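For this one, chain W is given, so just place chain E on it according to the hints.
Number of protein chains: 2
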Amino acid sequence: MLHGVIMAGGSGTRFWPKSRKSKPKQLQNIFSKRTMIQETLDRIKPLIDTNNTLIITGRSHAEELKKQVPEIPDQNIIIEPVGRNTAPCIGLAALYIKRKDPQGVMAVLASDHLIKDEKEFLNLLSVAKMVAEEKGYLITLGIRPKKPETGYGYIQYGEEILAINNKKIFKVNRFIEKPKKEVAEGFLSSGNYLWNSGMFIWKADTILNMIEIHLPELYQGLMRIDNVISTDKERDTIEEVYSGIESISIDYGIMEKAKYVAVIPCDPGWSDVGCWNSIPEVLPCDEDGNVIIGKHIGIDTSGSIIHAPHKLIATIGIKDMIIIETEDALLICPRERGEDVKKMVETMKEKSMDEYL
Amino acid sequence: MLHGVIMAGGSGTRFWPKSRKSKPKQLQNIFSKRTMIQETLDRIKPLIDTNNTLIITGRSHAEELKKQVPEIPDQNIIIEPVGRNTAPCIGLAALYIKRKDPQGVMAVLASDHLIKDEKEFLNLLSVAKMVAEEKGYLITLGIRPKKPETGYGYIQYGEEILAINNKKIFKVNRFIEKPKKEVAEGFLSSGNYLWNSGMFIWKADTILNMIEIHLPELYQGLMRIDNVISTDKERDTIEEVYSGIESISIDYGIMEKAKYVAVIPCDPGWSDVGCWNSIPEVLPCDEDGNVIIGKHIGIDTSGSIIHAPHKLIATIGIKDMIIIETEDALLICPRERGEDVKKMVETMKEKSMDEYL
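For the protein sequence lines, the chains are W and E, in the order given. Here the first sequence is numbered in the numbering used here, starting from 25 and rising by one per residue. Here the second sequence is numbered in the numbering used here, starting from 25 and rising by one per residue.
Chain W extracted, bound-state conformation (with noise of 0.2 Å):
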């Protein structure tokens, strides 16, 4: 059976000042009326029933969140006590997953990506849930590159391992880390590389083998959780195991390791939209170059993202800038420099500027 793993600890400082540490960019409505892991939910409704739904968050989030996800079983919202990155994550949701359905296979998926072609995407996910299942491969999907993008890892493919419903499947070569802007070039002119999109199929059982083949430490701290769930000592148990495991993501701590590795190059639409300055991808643009959501008038105006509810927005002689206004703040910055919003946020947390975080 095909169970889905939202993982939604993000905090989405990149999202600042809509994203805030009560509510993250994947309780935020940023997009559309509902929100991002309201989207992510019902993109996969048709294919994996909500009871086979896990959510796994930190303990701050989890009240909002099950109010925006009622239909999510409270015994599927696992709490994690500190991030520590993707692998123990995952690792946990396995464990349960196992647990219930032994030969179950997982969809990881993000809480807060955009996926434009639903259809595409629920293909896609049957399809690696067929090979996880049947070859007990850890499948990943691959996004088509569309431009020298430096935010992004790479996946470099190699020989063609087989063909299911029209999508080709993969072995991976290797897994490359946000790479310099020449190498992404480099990469897109070669045509054998994919965007990592962090989204991974898998059977519960394989990623349990590969973390305790890879991870050892890793896989005795999630042992200890299995052995104590569903009794009272289940939550002191995660508490005490997250407090002594590193901090490692899937990506470093197996894939770039484990053998039988398999990728579906993909074109489903996605964006991980990682900061403001990805909002035209996904957000139609005026004829000027401009995403305006909220009320703005402009002289000489062009290429920028504007997001401001309450107030008339007046520009004169702007060109490629973020302007966001919440009920409190007001951020203004070049879109090349999106990115270090999340150093402005670390900035805030220094001068303790908590009512703002």
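No lab work stands behind these hints: they were computed from the structure. Check the hints yourself; a few may be wrong.
One copy or two, either will do: identical chains are not told apart, so a pair holds if it fits within one copy or between any two.
What the hints assert, rightly or not - Derived DSSO-like pairs: lysine-lysine, alpha-carbon spacing no greater than 30 Å straight-line:
hint	residue 1	residue 2
1	375	319
2	42	343
3	124	42
4	343	204
5	343	319
6	45	319
7	343	366
Everything numeric in this text was worked out from a predicted model, so none of it was measured.
Frame of chain W; chain E shown alone:
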């Protein structure tokens, strides 16, 4: 006796969104706790009794103005039915002063300029009054230029006429309208050019004589008004006269043509603070050259003017920008486009965005 004439009819659109139709620049407290008209009155009070100060304004501002300067008697607030530039405004004021004090001298001042050195300014008015009284000259205050400003008119001065209290008074050779940059640079290096401050001192009788000679139609209109002042026809007659007269500045209508025009070169820390871009001339900058009013956090932010009393403004990679927040609007534009705020207001007028005007 010296009388004050404060012209308060301006719309101050270049200070939008702070300056509004119902409460323009002179009725705003942009630079201190007092509004600009209050500052203007405070400045001259040591020299000119409030009973001898006239304020000329438009109907829509009269009520707010009376609230702000309750010390000015109601009959000293003269309402122009429409704006017709400075010549009719000054002529009208001269009528009232001459009736009250046939030998009276009037100091014509703007309601929305800043002057830092108040003591020096009052010295200048005293000296100018003496020259106006004794010699019958039209006197203007010429500011020693600091830079090749293209936003001001210039005055070329010639021979010295006399000196009183260490102030030298020169004959004016000519008035020059706002010059191009290269021309302004030439003025600065030649040494005998001054900025035209738009502040004038003369006998009411003298300026009315000059209007009779150089603007005879305006003079006839003023005489019609003079005949009915203090009767129940006063208001209607002013309306009639104003509806028929030409809109013309005192500079163009009189100063450029009159023979006995003198200037006192001076430096009382004057600024007409014509638009947001001139704020750094009059308010202190921080170490990055920013003028900040409100709560701000910046990364790589310099040379900018940020006026935001309501929200936290966060800026990254911003240089020489104007960012102005009010209750209902937000303006963002480069400092070099500061003059274009006027255009923005005109655009909003065309679009009937009345609530923001």
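Hints versus structure:
1. 375 / 319: Between copies only: 13 Å across chains, 32 Å inside a chain, cut-off 30 Å.
2. 42 / 343: Both: 22 Å inside a chain and 24 Å across chains, each within 30 Å.
3. 124 / 42: neither (38 Å within a copy, 63 Å between copies)
4. 343 / 204: Both: 25 Å inside a chain and 27 Å across chains, each within 30 Å.
5. 343 / 319: Classified as both; 18 Å inside a copy, 25 Å across copies.
6. 45 / 319: For residue 45 and residue 319, the Cα distance is within 30 Å both inside one copy (27 Å) and across copies (20 Å).
7. 343 / 366: both (22 Å within a copy, 20 Å between copies)
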